[in-house]
Amino acid sequence: EIVLTQSPGILSLSPGERVTLSCRASQSVPKNYLGWYQQKRGQTPRLLIYDASIRATGIPDTFSGSGSGTDFTLTITRLEPGDFAVYYCQQYAVPPITFGQGTRLEIK
Amino acid sequence: QVQLQESGPGLVRPSETLSLTCSVSGGSISSSFCGWFRQPPGKGLEWIGYTHYSKDTDYNPSLTSRVTITLDTSRNEFSLRLTSVTAADTAVYHCVTGGGWLVDYWGQGTLVTVSS
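So the protein lines, in turn, are chains A and B. One point on numbering: in the numbering used here, the residue at position 88 of the first sequence is 88, and numbering is uninterrupted. Just so we're on the same page, the numbering used here is the position in the second sequence counted from 1, plus 108.
I should point out that these hints are in silico values taken from the structure, not numbers from a laboratory. Fair warning: there could be bad hints in the mix.
[Claimed, not checked] Under the rule of at most 25 Å between Cα atoms (straight-line distance), these lysine to aspartate or glutamate pairs were calculated in the DMTMM-like manner:
1) K108(A) with D51(A)
2) K108(A) with D83(A)
3) K151(B) with D83(A)
4) K31(A) with D212(B)
5) K40(A) with D180(B)
6) K40(A) with E124(B)
[What the hints assert, rightly or not] Chain B stretches covered by chain A per the calculated footprint, using a threshold of three residues with CB under 8 Å from any CB of chain A:
7) 181 to 192
8) 213 to 220
Since this is a predicted model, take the numbers as computed values, not measurements. Every residue, glycine too, gets a C-beta built ideally from N, C-alpha and C.
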């Protein structure tokens, strides 16, 4: 099983700031099949990035993903009020499909 | 636009079987990976399993002894069955479909509580 570890667990930031979230895999993720989701309270997860670096349909270019192998990052270049949520990374390369434990972005 | 809707009991008694159905509109399940995820209240996401019309079914090893996912292509629905439930199975259950294991569409989710 590929274990994904996200850091940090919680971040307190202000709108307008830049943030980078980390996702580290216990073993290399084949084909870089790594995605990032945003989830707000009571809502379905929203896909932001797939295949490590491709923005999903309708996702603004303030969101970007990078990385390969075991180390991946999600960067938000300028935080909007609607970006404060929980972010999960997910590998969908090999079963079992696994998620990181999440990073919560809070408004400072 | 593909839409998914989960249905089933919101309350299941311990040791009994949880059964949910996902009705799909706007697309055929015959050409999709169909699966289930769950999220316990206040916790993270967990993959339950995927099935496909022409491929093997894959389940999370932590659940494989208790879970079954089946397709009904005539109704364009698929179902989840989880036996011998405990309080740890209390969660929002989401059905999903996709061209591969990356989810294209999510159902809104249904809360299932395991309690006597």
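Sort out whether E124(B) lies within 25 Å of K40(A), counting only the CA atoms.
Violated. K40(A) to E124(B) sits at ~32 Å, over the 25 Å cutoff.
For the pair supplied as a hint, K31(A) and D212(B), confirm whether the alpha-carbon distance does not exceed 25 Å.
Distance of about 18 Å is within 25 Å: holds.
Verify this for me: three or more residues of the stretch 181 to 192 of chain B with a beta carbon less than 8 Å from a beta carbon of chain A.
violated (count 0)
Coverage criterion applied to the stretch 213 to 220 of chain B (partner chain A; beta-carbon cut 8 Å; 3 residues):
Coverage by chain A holds for the stretch 213 to 220 of chain B (4 residues, Cβ < 8 Å).
Could you grab the alpha-carbon distance between K40(A) and D180(B) and see if it respects the 25 Å cut-off?
violated (32 Å)
Does the alpha-carbon distance linking K108(A) and D51(A) stay inside the 25 Å limit?
violated (31 Å)
Does D83(A) sit within 25 Å of K108(A), going by the straight-line distance between their CA atoms?
holds (13 Å)
Compare the distance between the alpha carbons of K151(B) and D83(A) with 25 Å, and conclude whether the hinted pair is satisfied.
Distance of about 19 Å is within 25 Å: holds.
Of the numbered hints stated above, those contradicted by the structure are hints 1, 5, 6, 7, listed in ascending order.
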